[in-house]
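Respectively, the protein sequence lines represent chains Z, D and V. Residues 1 to 413 in the working numbering are what the first sequence spells out, letter by letter. Residues 1001 to 1399 in the working numbering are what the second sequence spells out, letter by letter. Residues 2001 to 2222 in the working numbering are what the third sequence spells out, letter by letter.
Hints are computed from structural coordinates only; laboratory data are not their basis. Be aware that a few hints might be false.
In silico DMTMM-like links for lysine to aspartate or glutamate, alpha-carbon gap of 25 Å or less [as the list claims (entries may be wrong)]:
#: 1; chain 1: Z; residue 1: 177; chain 2: D; residue 2: 1251
#: 2; chain 1: D; residue 1: 1242; chain 2: Z; residue 2: 131
#: 3; chain 1: D; residue 1: 1250; chain 2: Z; residue 2: 194
#: 4; chain 1: D; residue 1: 1250; chain 2: Z; residue 2: 247
Far from chain Z, by Cβ distances over 10 Å, these chain V residues were calculated [claimed, not checked]:
#: 5; residue: 2062
#: 6; residue: 2070
#: 7; residue: 2074
#: 8; residue: 2214
Using N, Cα and C, we set each Cβ at its ideal position, and we do this for glycine too.
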Amino acid sequence: MMGNEKVAHPEYPMQIRDILSFSLHAATANRGRTLLMLLAMAIAVSSVVVLISLGDSARHYVIDQFATLGTNLLIVLPGRSETTGGPPPLLGETPRDLTLDDAMALTRIRTVRRVSSIIAGSALVSVGHLERELLVLGSTSELYEIRHLALNQGSFLPQGEPTRAEAVCVIGQKGKKELFGNEPAIGQWLRIGDRRFRVIGVLSPGVSLGEDLGEVVIIPVAAAQALFNRSSLFRVLVESTNSERMEQTRQAILDTIRVRHEGEDDITVITQDAVLTTFDRIFKALTLSVAGIAAISLVVAGIMIMNVMLVAVSNRRAEIGLLKALGASRTQILGLFLTESTILSSIGAGIGLILALLGMRLAAFLFPEFPLHLAPWSSTIALGVALITGIIFGVLPARRAADLEPAFALARR
Amino acid sequence: MQIQDFFRYTFNGIRAQRLRSFLTALGIAVGIGAVVLLTSLGEGLHHFVLGEFTQFGTNLIAINPGKITTHGVSGALLSNVRPLTLEDSASLKQLPQILDVVSVVQGNGAIEAGTHQRRATIYGVDASAARVWKFGVAAGRFLPDDPPRSARSFVVLGSKVRKELFGNNQALGERIRIGGELFRVIGSMKSKGQMLGFDLDDAVYIPAAKAMALFNRESLMEIDLLHSAGSSSSAVAEKVKKALQARHGKEDFTITTQEKMLEILGGVLNTLTIAVGALGGISLLVGGVGILTIMSITVNERTGEIGLLRAMGVERNQILVLFLGEAVILAAIGGLAGLVIGVCGSWLFSLIVPALPAHISWVYVASAELLAAFVGLLAGVLPARRAAGLHPVEALRAE
Amino acid sequence: MINLQHIERVFQVGDEEVHALRDVSMTATGGEYIAIMGPSGSGKSSLLNILGLLDRPDSGSYELDGTRVSELDEKEQARIRRHKIGFVFQFFHLVPRLTAFVNIALPLMLSGMKQAERQERVTTALAAFGLANRAQHRPDQLSGGQRQRVAIARATIMQPTVILADEPTGNLDRNAGIEVVEILEELNRQEITLIIVTHDPELGKRARRQILMVDGRIEDDR
């Protein structure tokens, strides 16, 4: 024989399949221990996934609420804050009013499709001896389209000059119920403050921009001016023709008002987009921090995997020595043990993902009104994190295994 | 068995597997550290927010027009048919136990001094505002106690407005234009800082009646009452409610006592702290599973030793206690380390974000520590019982 | 093909230095049958570890098939072990959770051979060592003799040029021991160099060449 180079075994790296099956065998050889490790990993992963999903669901819920209003909406407020980034003057008064004439001037901007003025206030609304304090919105017929309102019965405010104070109103579902009971309300008269209005429509129940539409009464803006004895508008809602022309529209609005207000920039224009972005940011930050807190448990699970793998390495010295005697290189041993810890953490993550899915199902079943979903990227994150955890916390034990002296490892029995 | 022998024996077991014990305790430590740090941050936030609110004093009652029913802000703040008036404000001042009353109108407008102009918040208030809101005057004086309807056109500047408009120049006695009308500067305020995002320094204070005229409105936005320290907020609120109801004929206003508000706020913040702590607790749970795993491995490896102990006449219960003790001590060491991590973490956080100092709540710390020991106990039960249940002969054979 | 020159190996045990091998030199040609004998602690296992590349000498050189293997790096040494050296141990060293089949296939697996190719080789080996019906048994379901046969099958699956056996019969009853030795001798007849470490004089006598070790030195070589 003596033929030096035998060509019987060309050199290949170990087959992936072999690495996986060997490591899987090793990882699952000790059932009780393996189950506990999987449990720890599963708890950590499922809590991260569930929290991310809850946050993401909440974000979608809120964003959807706003997005139904359309992305080409601009809100014009009287007053302006000097400090940029600070809150706009949501409440309070300004010396120079935002008037109905200002609003009508805005309709002449080329990129503006619709304009609706709003005066808001509260007043006692009564029918006979029944009395309720309701939110009174003075507005125009355009509000219907701009805010995507829906009517249960009747019609919305009539079109025409906003300066006409017709004595008609549209009432919310809840207010109607409290004032009229089950009687038909259309065509009936009610009293707001000291004025009489005829009911011409009933709104469908719903929530728009955080306001419960059930408890509002909408009247023509001119009527509201008379009722509250003020000429200043609370808001002007502007719908742009094109959601890509928002900045241009915003600038045009500012220019128009500046000309009308003797060169003063005394309004604030908020785009729907800006509001959405802010909410999106807030919710994302919230979701991330909550998930980050839960991710601490991933670290703990990782420490645990490391610990158990260290035990495994010291229990399997003889096996490691044998593998080395059979010609396994340091790298191969390293790979085998890293694979083992990664398999463990991945299976744990898989179980965690299933737990999370079941948890979300349960939550969706318990709270059907809140749309819950598993965040699509949460599973990717969970698996990715599990892999990283397995590798990071597997390195120390795997290195220990790889560095064992074969003669020494075999000798100790 | 002597107690010190018990400890010596268990510590020996823990020390024999140094790295393993260290990692097990580390798991618990991270969990406890997270709980301590998070609850400290929660408490810090709690203190911060309460501090922001109580800087105006605690014996405050606010009255707003309109009855708040189910949701948030009442539309009546904006406009309403039944306003709160300066006369309402004056009448409330006559009530017993009411020390001071502030009528409030708030708005936004341009303020001009010579060539400088700045847009700022305009507060229409009474002379009493400085006392009720605990404002400090930096120079000059606050608004004089004029009759509400015929107040003179004086203005007091917030520190930021003063700086922006006058820089290092003298502001007192100067005339400035607010919404086109002339006011004489009679004082400027010390910096009060932000109040939940509202910059109180970027504001000017003028008499309420002047503000109403400026904004062309008839009604107040809020009336703030300061009541005597000895009287109960709810009792005073009840009296105010009766008095206003008598004037208006119905309850078309909302009364909020500072006490009530703090109570609600405190409740919300406490819930938040507990929720955040519970999130951190997930890590503790995982750490507990870690102890369980390591203790079962330990029992497995020390089967021979257990057999020997039993052969030497150690009772089942003693074996149980030995292994339980080991688990609890592991958890407690981890807990202590976690405490150190958490406290150092909150201290670091306070250094980095001095505005929001973390506040270590020892109640939470103590309960976290107890929880750690409990987790250890719970995680130790199963392996310890298995150790105690081993048959001595079988166990010896394993050696 | 084996050429050891001036091998020294010192271990640190506690505070003491133990001189396991002192200036050991030996050569062996292909197909030899050598027994390394000596009392316990004489250094015979240390010598075997050096020969098997499981341990590095502190000084001296080791040439195997014309290559200075003592100079090779860890990875190259692993490769040499894989292809040229087969080990048989006193305690078999089978992986307890794996079947006889997989235990035998381990070296092939480590060298990256495809499963289909492996299947055939291992099946042939199982049959050759009379283990055909034991393929799916785990070590704890096998007798001592069968375990050692699995270990020998594993040692020979890569067709090594040297088999190093450390007390191969030490943990077997007499009959099983004889059976195992005969298998090893049969392999030796197929031109594989066989080096057995033993303190059993009866086993040692069967070898064509005996090396006696005392206190880390080769005392006698005939």
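Going down the list of hints, with the structure as the test:
{"no.": "1", "hint": "Z/177 / D/1251", "result": "holds (22 Å)"}
{"no.": "2", "hint": "D/1242 / Z/131", "result": "holds (20 Å)"}
{"no.": "3", "hint": "D/1250 / Z/194", "result": "holds (16 Å)"}
{"no.": "4", "hint": "D/1250 / Z/247", "result": "violated (48 Å)"}
{"no.": "5", "hint": "2062", "result": "holds (14 Å)"}
{"no.": "6", "hint": "2070", "result": "holds (14 Å)"}
{"no.": "7", "hint": "2074", "result": "violated (5 Å)"}
{"no.": "8", "hint": "2214", "result": "holds (20 Å)"}
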